[in-house]
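Starting from the known structure of chain H, arrange chain P on it as the hints suggest.
Residue numbers (the numbering used here), protein chains in the order written: chain H, 921 to 1146; chain P, 19 to 240.
Simulated from the structure, these hints should not be mistaken for lab results. One or more of the hints may lead you astray.
Said to hold, decoys possible - Pairwise CB distance ranges, derived in the manner of DEER restraints:
1) P:A135 to H:F1062: 33 to 41 Å
2) H:L1138 to P:A136: 26 to 34 Å
3) H:E1049 to P:A132: 28 to 36 Å
Said to hold, decoys possible - Some chain H residues well away from chain P (every beta-carbon gap over 12 Å; in silico):
4) L937
5) L944
6) V963
7) A979
8) Q1018
9) V1022
10) M1040
11) R1048
12) T1054
13) F1072
14) V1084
15) S1109
Please read all numbers here as calculations on a predicted model, not as lab measurements. Even glycine gets a Cβ: it sits at the ideal position worked out from N, Cα and C.
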Amino acid sequence: MNEIANVASQGHWAEVLRALPLMLAGLKYTALISIVSMAAALVLGFVLAALRFSRFAAARAIGFIYVQLFRAFSTYVYILFIYFGLAAFFKIDIPPVQAAIVALSLLNSAYIAEIYRSAMMNVDPGLREAAICTGLTRRQAFIHAVLPQAAFQAFPSLLNQFIVILRDSSIVGAIGVADIMFVASKAASVNYLQFEYYSVVAAIFVVIVFCISRLGDLVERRLKPP
Amino acid sequence: MGNDNRLDWAVIKANLPSFEQAVVIDLYIAAMGFVVACVLGLMIAAMRSSSARAVRAPAYAFTQIIRGIPLYVLILWVYFGLSSAAGVNLSPVLAMVISIGVFASTTTAEIFRAAFAAIDPGQVEAARATGLRRSQIYRHVLLPVAMRVAIPPLGNVVILQVKSATYGAVIAVPGMVYLAQDLSMTQFRPFEAYATVAALLLMIVLALSFIVMGLERVLKLP
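Looking at chain P on its own, in the form it has when it is part of the complex:
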């Protein structure tokens, strides 16, 4: 029963379909968490560039608070705290999506801020001079340039979200780590179980970093 030093991967092989499901759940959480981080990040970036102090201040305070909170604390606060104080009972998956989305939102806000700062004001003036409307300037001038700057670092946020999603096990999200915890307790194969998680995570992250590196090369301005 795993009391010898020899490795036994039979348990892992038998549970490969479960690992597949677990990876899908983790990737789903990471993807949704990325969307939440982008939406919140755009809002924060917009608020922080506002000329009204009353709009800037809350965004600044939110950024400082989120920078200080550990992801683990944030997850437990969202999942257990909100339900105990306000009776908001979120599913573990939804609690994870919100937590990692909020956690990464200050990073995405910084990325969007840098992207819009990279725009040459002369381009906007030129667009206005040719008679484009404000919405047209955003769609045809600002966004294409900003996205070119923002996409590679946003790719790194996707990778961050995949890693953050592994914390779901602390609130019993049935992802990779939870499955490994289960296998190490019921099958007494902790080394094989956690090594499998590490290998899967490595494959996913390396594949994503290759995509990010490719995007960087494609999007680089000549």
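Only chain H is shown next, with the shape it has when bound in the complex:
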């Protein structure tokens, strides 16, 4: 009996492995959505952080409200809101990939703005003063002294945020993008091998995330200012 069960389960895994190329092809959506969203969130987060450091109280208030607002939503709720809610309200058809990119960029820009802000606040104010004393203008002091320090401080948190985006992007399967999770769910519902399929998807994500964080450690060591 035991042997029969063993052979059967080996057959299960073989079946999942045969579907592996199709699942891996779904990773291109994962890569596209997470990389574009990260790039957009990096830029938007910078604007938000600048707003929060502004001289004008109104600009600071806008930055603060944006960050509080977007940190309250889950990616899933926000994607559904854009893909179904806003699309119906404006009577436009937003393709699911674009809806996911918009949702992930807007949400994560709030977190990235906070990462920039805390990195800026952690830079020793003496550094800026020293730079200005050596004759640099305020702008030069910011670009050549403060920014490199802040970038080094922010790097690990930014990489962590990229991993969050990468993982959150898997929810696009729920609105019909043929990403790895969508392909796996479809296949699993045909032959009831949910355990095998989802385990393989989980393993692929674990390997990717592990490689990214190891790569990040290497880069961090390289970037470390003397």
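This is chain P only, laid out in the frame that chain H set:
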């Protein structure tokens, strides 16, 4: 039937009692998921601080694996995967509690580790010198100091769990999102339905963050 651009909140008003029930289910899942995350987090933190490699290694591997798995994948793995492979048929609510609990456990483990690292070893030595037993040292010296450090970030984990609980709709947990999906399909009011979910989530999260900020102020060491 919702084919015009005017907003119609009558459907939402008529379904407010259902939203109330849905919020209660989501908050229940979030609260139970928080408890699971704390228990698992304490275990992981304890294992990782062990001197035996055989105890540390599994905890490290578990942390690396959970950090890599998306919540969506974890939920489907727990709900559909365990039932297809091992015949473990969990209710959707229980599957959610386990999933979000496991998902947040690496975060809570990190919080507990930092909290215990914040303890001055001199305090423990002083407690031992006054003749306190090991259990007494834990209860009267270690825990009070550690909790002071751990409570504000744990508050943020509660907020994380409220947001994670919204994913329950993918396995048909009758929470806020599931209700909104239902209303947008049967009443053709997707904008109003999802806007209501967003507003409710915002209110809950903002209320919790005010509590966390208050706790931070109260617990801050002088």
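Hints, verified against the model:
no. : hint                          : result
1   : P:A135 to H:F1062: 33 to 41 Å : holds, 35 Å
2   : H:L1138 to P:A136: 26 to 34 Å : holds, 30 Å
3   : H:E1049 to P:A132: 28 to 36 Å : holds, 32 Å
4   : L937                          : holds, 16 Å
5   : L944                          : holds, 15 Å
6   : V963                          : holds, 24 Å
7   : A979                          : holds, 21 Å
8   : Q1018                         : holds, 17 Å
9   : V1022                         : holds, 14 Å
10  : M1040                         : holds, 21 Å
11  : R1048                         : holds, 28 Å
12  : T1054                         : holds, 38 Å
13  : F1072                         : holds, 22 Å
14  : V1084                         : violated, 10 Å
15  : S1109                         : violated, 9 Å
Checked against the numbered hints above, the structure breaks hints 14, 15 and satisfies the rest.
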